[in-house]
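4 protein chains.
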Amino acid sequence: MPSISQDKNDYHFTTEVRVRLSETDAVGIVYFGNYATYMDVGRMDYLNQLGLPHYGGPVRDLIPGAVVSSAQDFYNPARYNDILLIHVRCAELGKTSYSFHYLITDKRRPRVLATGAVTLVWLDANFKPMQLPDDFRQAVQAFEGSA
Amino acid sequence: MPSISQDKNDYHFTTEVRVRLSETDAVGIVYFGNYATYMDVGRMDYLNQLGLPHYGGPVRDLIPGAVVSSAQDFYNPARYNDILLIHVRCAELGKTSYSFHYLITDKRRPRVLATGAVTLVWLDANFKPMQLPDDFRQAVQAFEGSA
Amino acid sequence: MPSISQDKNDYHFTTEVRVRLSETDAVGIVYFGNYATYMDVGRMDYLNQLGLPHYGGPVRDLIPGAVVSSAQDFYNPARYNDILLIHVRCAELGKTSYSFHYLITDKRRPRVLATGAVTLVWLDANFKPMQLPDDFRQAVQAFEGSA
Amino acid sequence: MPSISQDKNDYHFTTEVRVRLSETDAVGIVYFGNYATYMDVGRMDYLNQLGLPHYGGPVRDLIPGAVVSSAQDFYNPARYNDILLIHVRCAELGKTSYSFHYLITDKRRPRVLATGAVTLVWLDANFKPMQLPDDFRQAVQAFEGSA
Numbered sequence: 043m044p045s046i047s048q049d050k051n052d053y054h055f056t057t058e059v060r061v062r063l064s065e066t067d068a069v070g071i072v073y074f075g076n077y078a079t080y081m082d083v084g085r086m087d088y089l090n091q092l093g094l095p096h097y098g099g100p101v102r103d104l105i106p107g108a109v110v111s112s113a114q115d116f117y118n119p120a121r122y123n124d125i126l127l128i129h130v131r132c133a134e135l136g137k138t139s140y141s142f143h144y145l146i147t148d149k150r151r152p153r154v155l156a157t158g159a160v161t162l163v164w165l166d167a168n169f170k171p172m173q174l175p176d177d178f179r180q181a182v183q184a185f186e187g188s189a
Numbered sequence: 043m044p045s046i047s048q049d050k051n052d053y054h055f056t057t058e059v060r061v062r063l064s065e066t067d068a069v070g071i072v073y074f075g076n077y078a079t080y081m082d083v084g085r086m087d088y089l090n091q092l093g094l095p096h097y098g099g100p101v102r103d104l105i106p107g108a109v110v111s112s113a114q115d116f117y118n119p120a121r122y123n124d125i126l127l128i129h130v131r132c133a134e135l136g137k138t139s140y141s142f143h144y145l146i147t148d149k150r151r152p153r154v155l156a157t158g159a160v161t162l163v164w165l166d167a168n169f170k171p172m173q174l175p176d177d178f179r180q181a182v183q184a185f186e187g188s189a
Numbered sequence: 043m044p045s046i047s048q049d050k051n052d053y054h055f056t057t058e059v060r061v062r063l064s065e066t067d068a069v070g071i072v073y074f075g076n077y078a079t080y081m082d083v084g085r086m087d088y089l090n091q092l093g094l095p096h097y098g099g100p101v102r103d104l105i106p107g108a109v110v111s112s113a114q115d116f117y118n119p120a121r122y123n124d125i126l127l128i129h130v131r132c133a134e135l136g137k138t139s140y141s142f143h144y145l146i147t148d149k150r151r152p153r154v155l156a157t158g159a160v161t162l163v164w165l166d167a168n169f170k171p172m173q174l175p176d177d178f179r180q181a182v183q184a185f186e187g188s189a
Numbered sequence: 043m044p045s046i047s048q049d050k051n052d053y054h055f056t057t058e059v060r061v062r063l064s065e066t067d068a069v070g071i072v073y074f075g076n077y078a079t080y081m082d083v084g085r086m087d088y089l090n091q092l093g094l095p096h097y098g099g100p101v102r103d104l105i106p107g108a109v110v111s112s113a114q115d116f117y118n119p120a121r122y123n124d125i126l127l128i129h130v131r132c133a134e135l136g137k138t139s140y141s142f143h144y145l146i147t148d149k150r151r152p153r154v155l156a157t158g159a160v161t162l163v164w165l166d167a168n169f170k171p172m173q174l175p176d177d178f179r180q181a182v183q184a185f186e187g188s189a
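As you go down the protein sequences, you meet chains P, X, E and Z in turn. The opening position of the first sequence corresponds to residue 43 in our numbering, with each subsequent residue numbered one higher. The opening position of the second sequence corresponds to residue 43 in our numbering, with each subsequent residue numbered one higher. The opening position of the third sequence corresponds to residue 43 in our numbering, with each subsequent residue numbered one higher. The opening position of the fourth sequence corresponds to residue 43 in our numbering, with each subsequent residue numbered one higher.
Hints are computed from structural coordinates only; laboratory data are not their basis. Errors might be hidden in some of the hints.
[Said to hold, decoys possible] Think about it this way: if two alpha-carbon atoms lie no more than 30 angstroms apart in a straight line, the pair counts; the simulated DSSO-like pairs of lysine-lysine are:
(1) E/K170 x X/K149
(2) P/K137 x P/K170
(3) Z/K170 x P/K149
Let the sequences and hints guide you as you build the complete structure.
In structure tokens, the structure reads:
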């Protein structure tokens with residue numbers, strides 16, 4: 043996994059989630075397995091704001107890509123009702139795959155909670171890798187480049 | 043279970059959640075088991091806006107009450123990325139227990155998705171029922187009565 | 043909701059789940075919203091043992107029916123690593139709908155944890171109610187009647 | 043993340059989970075975020091069979107360690123009702139931290155679905171790192187060494 047920046051200025055898109063009781067565990071903190079879901083919310087919000095509804099709409103095209111790797115590092119625990127800021131960037135655009143990086147911070151007490159990365163491959167209806175669609179590539183490049 | 047109103051005017055508090063991919067299932071719609079969690083988000087947001095932070099704070103007092111019954115009726119399916127409006131009311135205040143009612147509608151295409159109810163008992167540190175605290179009772183009555 | 047028996051002899055099928063850490067919450071007990079999932083595991087295991095693979099196979103027919111109502115009553119809390127016995131019966135077979143009842147007990151310390159019921163409607167590919175297939179009806183009647 | 047073996051002979055403990063409907067998503071496969079939970083079930087089962095009940099009991103000691111990093115690679119999708127074999131090994135014992143490796147295969151159609159690793163730090167009641175307890179270290183070494 044490439045190094046993930048902990049500087050929020052390296053991320054041009056931010057969204058937030060509030061911790062639900064169902065996401066905590068018996069230790070009293072957010073169960074670590076939920077961070078992948080939080081980061082995925084960040085990715086979906088990122089795609090939405092890029093105006094790519096045809097990659098977020100009908101079930102058959104619901105996921106523009108399949109996750110082939112996922113990783114997270116944890117720095118501080120989050121608790122019930124905390125508001126998490128999810129900073130998102132598309133860090134890499136390959137031929138058939140792409141990667142997102144995430145930085146999660148605590149909104150009320152600014153500090154790093156977690157970082158993460160995910161790599162996806164774009165698949166056709168037969169689960170075979172295919173080239174990233176041009177509109178996806180262009181929209182992401184325009185956003186990441188201009189910001 | 044008492045009858046649950048499908049008229050949103052009977053509810054004085056509303057919050058929203060957006061459907062995550064992790065909450066859908068292989069049928070392509072929200073897995074029914076997730077509605078209890080959505081409704082619970084509604085209850086917690088309701089308590090927050092009532093200014094009862096001592097019932098939402100430290101782990102030991104995290105839940106002002108334990109759920110003793112929960113029920114939902116489903117009318118229409120929800121899909122990934124739909125925005126759900128969760129209408130919430132406290133429908134009953136007993137001596138040691140209380141009940142919430144919920145109406146969930148689709149924000150973009152107004153229609154009823156689900157209704158539900160939950161009953162909780164206030165417990166002390168030994169898991170024994172105790173009387174509802176006065177400030178809780180008064181805050182709820184003031185809100186439900188005045189609205 | 044009809045009355046749900048707390049006598050395990052009224053249930054002819056039993057399966058079990060062990061509580062995962064991710065299913066507990068910050069109060070230290072199983073989050074109530076997870077019981078619907080436990081009960082659903084019970085229903086799926088029940089259908090499997092009835093030899094109805096064509097109702098558990100391809101995605102399009104994955105759920106023989108859509109949940110229209112779900113309810114649970116809670117009697118005792120469960121904790122991390124507890125083994126739950128899920129007792130299952132098909133309590134009602136209508137023309138297009140059917141109901142399951144559940145009793146959940148603690149395997150190591152026998153006592154009732156929860157009861158529940160769920161009602162489903164059999165749907166065609168256009169989400170319209172249709173008559174229960176004969177093989178489903180017959181397999182369930184044979185199992186419930188003979189046991 | 044160190045290289046994770048895809049040879050099941052490198053793992054001396056195996057447990058299994060069956061995919062629940064709630065764990066699939068609208069694409070029809072297991073949502074990737076659930077694999078961390080499956081692997082965690084593997085870790086907990088591993089600790090149980092080692093006879094370390096004091097690390098799995100009361101809430102305060104519920105997790106012998108806090109997760110500081112988690113990573114997974116995905117090779118093939120899993121579907122509803124698939125039985126997953128979770129192969130587990132403790133790959134590293136440090137002074138205050140330790141790591142587990144996981145290999146997940148499909149029981150009915152043997153093939154690799156995912157690999158993963160997790161690193162944990164043992165914490166005292168104040169969330170400060172502390173040395174691994176001797177009985178934990180010895181039990182793990184005895185099991186991994188002798189197998």
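So, against the hints stated earlier in the document, which numbers end up violated here? none
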